[in-house]
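Chains as they are written, first to last, in my numbering: chain A, 1 to 370; chain B, 1 to 290; chain C, 1 to 293.
Don't read these hints as lab results, they were simulated from the structure.
Incorrect hints may appear among the rest.
Cut-off 20 Å, straight-line C-alpha distance, at most; resulting in silico cross-link-like pairs (SDA-like, lysine to any residue) [what the hints assert, rightly or not]:
#1 A:104 to C:116
#2 A:119 to A:172
#3 A:130 to C:37
#4 C:280 to B:126
#5 B:10 to C:116
#6 A:357 to A:307
#7 A:367 to A:284
#8 A:177 to A:30
#9 C:59 to C:37
#10 B:10 to C:200
Just some of the chain B residues that point at chain C, by a computed CB distance under 10 Å [what the hints assert, rightly or not]:
#11 109
#12 137
#13 272
#14 274
This structure is a prediction, so every number in the text was calculated from the model and none was measured.
Ideal placement from N, C-alpha and C gives every residue a C-beta, glycine not left out.
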Amino acid sequence: MGALSIKQVMKRYGAVEVLKGIDIEVDDGEFLILVGPSGCGKSTLLNIIAGLDTATAGEIWIGGRMVNQLSPKDRDIAMVFQSYALYPTMTVRENISFGLQMRKVPKHEQDEIVARVAKILQMDHLLDRKPNQLSGGQRQRVAMGRAIARDPALFLFDEPLSNLDAKLRVEMRHEIKQLHDRLKATIVYVTHDQIEAMTLGTLIAVMKDGEIRQFGRPQEIYNSPADLFVAGFIGSPSMNFIRAPVVRQASSVGVQLTSAAGTFHLPMVHLADQLAPWVGKELIFGIRPEQITDTVVSRHVNGFAHQRSVPIDMVEPTGPDTLVIMQLNGTRVVSRVRPEQAPSPGSTMDFVFDVSKAVFFDPQTEKRAA
Amino acid sequence: MDAVQSALPKLVLSPTLLTALVFVYGFILWTGWLSFTESRLLPRYEFAGLTQYITLFENDRWWTALRNLGIFGSLFIGICLGLGLLLAILLDQRIRAEGFLRAIYLYPMALSFIVTGTAWRWILNPGLGFEHLVRSLGFQTFTFDWIVTPGMSIYAVVIAGVWQSTGFVMALFLAGLRGVDDAIIKAAQVDGAGPVRIYTRIIVPSLRPVFFSALIILAHIAIKSFDLVMALTGGGPGYSSDLPATFMYTFAFNRNQIGLGAASAMMMLFTVIAIIIPMMYSETRRAGHG
Amino acid sequence: MAEYVRSQSAGPQLIGRVIIYSLLILVAVYYLMPLFVMVTTSLKTLDDIRSGNLIALPKALTLEPWIKAWGTACTGVFCGGLKGNFMNSVTFVVPAVIISTFIGAMNGYALTMWRFRGSDVMFTALLLGCFIPFQVVLLPMAQTLGYLGMANSIAGLIFVHVVYGLAFTTLFFRNFYVTVPAELAKAARIDGAGFFTIFWRIILPLSPPIIVVCVIWQFTQIWNDFLFGVVFSSGQRQPITVALNNLVNTSTGVKEYNVDMAAAIIAGLPTLLVYVVAGKYFLRGLTAGAIKG
Numbered sequence: 001m002g003a004l005s006i007k008q009v010m011k012r013y014g015a016v017e018v019l020k021g022i023d024i025e026v027d028d029g030e031f032l033i034l035v036g037p038s039g040c041g042k043s044t045l046l047n048i049i050a051g052l053d054t055a056t057a058g059e060i061w062i063g064g065r066m067v068n069q070l071s072p073k074d075r076d077i078a079m080v081f082q083s084y085a086l087y088p089t090m091t092v093r094e095n096i097s098f099g100l101q102m103r104k105v106p107k108h109e110q111d112e113i114v115a116r117v118a119k120i121l122q123m124d125h126l127l128d129r130k131p132n133q134l135s136g137g138q139r140q141r142v143a144m145g146r147a148i149a150r151d152p153a154l155f156l157f158d159e160p161l162s163n164l165d166a167k168l169r170v171e172m173r174h175e176i177k178q179l180h181d182r183l184k185a186t187i188v189y190v191t192h193d194q195i196e197a198m199t200l201g202t203l204i205a206v207m208k209d210g211e212i213r214q215f216g217r218p219q220e221i222y223n224s225p226a227d228l229f230v231a232g233f234i235g236s237p238s239m240n241f242i243r244a245p246v247v248r249q250a251s252s253v254g255v256q257l258t259s260a261a262g263t264f265h266l267p268m269v270h271l272a273d274q275l276a277p278w279v280g281k282e283l284i285f286g287i288r289p290e291q292i293t294d295t296v297v298s299r300h301v302n303g304f305a306h307q308r309s310v311p312i313d314m315v316e317p318t319g320p321d322t323l324v325i326m327q328l329n330g331t332r333v334v335s336r337v338r339p340e341q342a343p344s345p346g347s348t349m350d351f352v353f354d355v356s357k358a359v360f361f362d363p364q365t366e367k368r369a370a
Numbered sequence: 001m002d003a004v005q006s007a008l009p010k011l012v013l014s015p016t017l018l019t020a021l022v023f024v025y026g027f028i029l030w031t032g033w034l035s036f037t038e039s040r041l042l043p044r045y046e047f048a049g050l051t052q053y054i055t056l057f058e059n060d061r062w063w064t065a066l067r068n069l070g071i072f073g074s075l076f077i078g079i080c081l082g083l084g085l086l087l088a089i090l091l092d093q094r095i096r097a098e099g100f101l102r103a104i105y106l107y108p109m110a111l112s113f114i115v116t117g118t119a120w121r122w123i124l125n126p127g128l129g130f131e132h133l134v135r136s137l138g139f140q141t142f143t144f145d146w147i148v149t150p151g152m153s154i155y156a157v158v159i160a161g162v163w164q165s166t167g168f169v170m171a172l173f174l175a176g177l178r179g180v181d182d183a184i185i186k187a188a189q190v191d192g193a194g195p196v197r198i199y200t201r202i203i204v205p206s207l208r209p210v211f212f213s214a215l216i217i218l219a220h221i222a223i224k225s226f227d228l229v230m231a232l233t234g235g236g237p238g239y240s241s242d243l244p245a246t247f248m249y250t251f252a253f254n255r256n257q258i259g260l261g262a263a264s265a266m267m268m269l270f271t272v273i274a275i276i277i278p279m280m281y282s283e284t285r286r287a288g289h290g
Numbered sequence: 001m002a003e004y005v006r007s008q009s010a011g012p013q014l015i016g017r018v019i020i021y022s023l024l025i026l027v028a029v030y031y032l033m034p035l036f037v038m039v040t041t042s043l044k045t046l047d048d049i050r051s052g053n054l055i056a057l058p059k060a061l062t063l064e065p066w067i068k069a070w071g072t073a074c075t076g077v078f079c080g081g082l083k084g085n086f087m088n089s090v091t092f093v094v095p096a097v098i099i100s101t102f103i104g105a106m107n108g109y110a111l112t113m114w115r116f117r118g119s120d121v122m123f124t125a126l127l128l129g130c131f132i133p134f135q136v137v138l139l140p141m142a143q144t145l146g147y148l149g150m151a152n153s154i155a156g157l158i159f160v161h162v163v164y165g166l167a168f169t170t171l172f173f174r175n176f177y178v179t180v181p182a183e184l185a186k187a188a189r190i191d192g193a194g195f196f197t198i199f200w201r202i203i204l205p206l207s208p209p210i211i212v213v214c215v216i217w218q219f220t221q222i223w224n225d226f227l228f229g230v231v232f233s234s235g236q237r238q239p240i241t242v243a244l245n246n247l248v249n250t251s252t253g254v255k256e257y258n259v260d261m262a263a264a265i266i267a268g269l270p271t272l273l274v275y276v277v278a279g280k281y282f283l284r285g286l287t288a289g290a291i292k293g
């Protein structure tokens, strides 16, 4: 039996359906990310898992038990909040041991646990301070310490890094990942930041409007998005979506792209069967910026990598690479090139299009066509 | 979620809610009922129509009370607002000993209206108080016997009332002034506006919400005024400084006219509802759009 | 803010300052005068009062008026001074303040940290109770106290003041707890704490600022009340405000203005002292009440 099982969970507020039937299975030790834009229902789902809110229908199973009727304290969970939620009038030590006190853990055991947790998070010197004497990162660590002290079956994180500045966020992300590796904990983590999702998660559930659009491993979701939304949500800068006619040229099926300089054909050898029914119609061609590069970066021109010449509109240096922006089929298309290869706006450049990871979406249903 | 735990907040709130339902709303209905009966010394509950209200509005003393409420209310509110705003603006000018002065203007709010009334009664005492003082300074013909003059007694109440409540208004305005956005003032200065202009055209208008809060509270105090009148003039001379609140008390509890007293109480309630609710409503709507 | 609103040259600026300070001092005199008059009058003999004037200092200091006001002045039929009434006030004010504050705190906590359907409606319904003129509840309450056997009793006064104070105390605490993050209660629930534990161990310890404001406000309101006192009590059970009014209005024999003033000061001293000591919190209470939720 898995560590967490969400079966057909639905949540309705009056006439509004906030969760439309969620099914998720998570095994021990997995790091599940619930990611999506605000309003998608991820926080509601987390609260339902925690027991802070009740589902209108469906079952929640934690560690092999159905917990729908159990109050939060009996579900064997721990939660870390966006605002840390540390008890302001208690010291760090008291904050960590509060939950233990509530469960009537003997005093000497409490002390042991606090000491152990403080060691793991390197907080020994902070134990007698109050929350208002700590920095943001320290407070977050105390919040995690409070969760660890409970030794729960499931850790729940509710956007814990949103309140931190960029640098601190990267540090804390690292710490959370380390914690996961060390404790082999099962974690459910809510965020709206897809970078966090990709770097931390072992499983990702991309949510929108109360549904799960795709559930799977990070790389799977990145390379093989189930629909237009998931494709556009994960990855930064986001995937290029070019509406293009599917054309048969010579023996290959591919897409036709038009720039200010003319039209060219990109063959999709590996997708010939999937694209065949679409010849003569239009599909949304999805290709990530890093699949469009300069001729020096790409290793070879082969069945997947095709060199084409396109006039460019704008150049945006980001430091490690430069984004070169072009117009294809009337759409703004972003590519990533080595800064040294970056051309000047208005000129034409040779690009290599690597279509090995190209994806196609039905313009009507927005679902994956190929 | 635990059934017990989710029931607890409601359980905790229910006594208070019940209290409000019974002792506020229920009692209002009860008094309303009484106002439609012919109760005198003891309550009687047979419906008698609007007789008490008719009696009320045929009563000279009630009309005096209403007229006094109008005079007292408008003067009290007007002066408190004006003086309060002026004091707040003055105190905002980086005055030394601002805290000290503020404390002086505000201390009357800590006193009971009875204490205030008693003190001012003495001060306004013709023959021994202020009138006597000015006369003893050489102005032999100075008279200040408002407190014993039927036509003027209500104005004496205004003096004491203003003394008590202006500090509060000042405190509200001062807090409001301190909350004004510096950037707007700087922009006005760059545009060439002088200090008076900046005050009249920018700062004072931005105090509108504070103005409304103060207005609502002052109106509330004015309508409820009872203690002050009882201590200062006892409603007199005669009933020349009567207010609806003193009218109600006199008829309900001294004159054994429960029905009439109830009717006057209901009229007070209607006045509060008629004046304060629309004000609050328009302010919240404005705040929603503003 | 006023730094920016300044004339540029020194001349007009100085005149401006002089005018401002003069006005402020003039108004301060208007405010302090009654206090000064009360104190000085209370220390004069009746002859002194008659021969002197309002603001003259006492020619011969005497504490007679004070002794009389406290112990022997007539407040109606009874002539035992204000001491009994002072004790009456203390006896009902203290419990009323404590009870209404405590219930208000729990209500504010329940309304903000345990939101449920209808909690906002409940709050608004309660809030309206702050606005009614109490005249509309006097008659029914008098009847009710009679039925309950609490007419003309300290218990009755405590009851009335608690009932009608709950709207304000709940408002204070609710407005304060709204600024406390609700996640605090969620975290505590996950930690295993229940409704009352969370209140006692977590919320209450961060409440001292608002508790002080509430206590000061309630103490001032209840001690200074006259309406409930005069309607719901009589004779020797009356609070000090009612007794003061009776004392001042008794028209037997010569009016003893000095005793009247001493009595007024005795009645006003407790709240005035609270103001002097904790004025900052008093102000916070006033403005908190004015800025409705």
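To see whether the hints hold, each was checked on the structure:
1. A:104 to C:116: violated (30 Å)
2. A:119 to A:172: holds (17 Å)
3. A:130 to C:37: violated (52 Å)
4. C:280 to B:126: violated (38 Å)
5. B:10 to C:116: Holds, at roughly 8 Å.
6. A:357 to A:307: The hint holds at about 16 Å.
7. A:367 to A:284: Judged against 20 Å, a Cα distance of about 10 Å means the pair holds.
8. A:177 to A:30: holds (12 Å)
9. C:59 to C:37: Since the Cα atoms of residue 59 of chain C and residue 37 of chain C sit roughly 14 Å apart, the hinted pair holds (cutoff 20 Å).
10. B:10 to C:200: Roughly 18 Å separates the two Cα atoms, so the pair holds.
11. 109: holds (7 Å)
12. 137: holds (8 Å)
13. 272: holds (6 Å)
14. 274: violated (12 Å)
Of the hints listed earlier, those the structure fails to meet are numbers 1, 3, 4, 14, in rising order.
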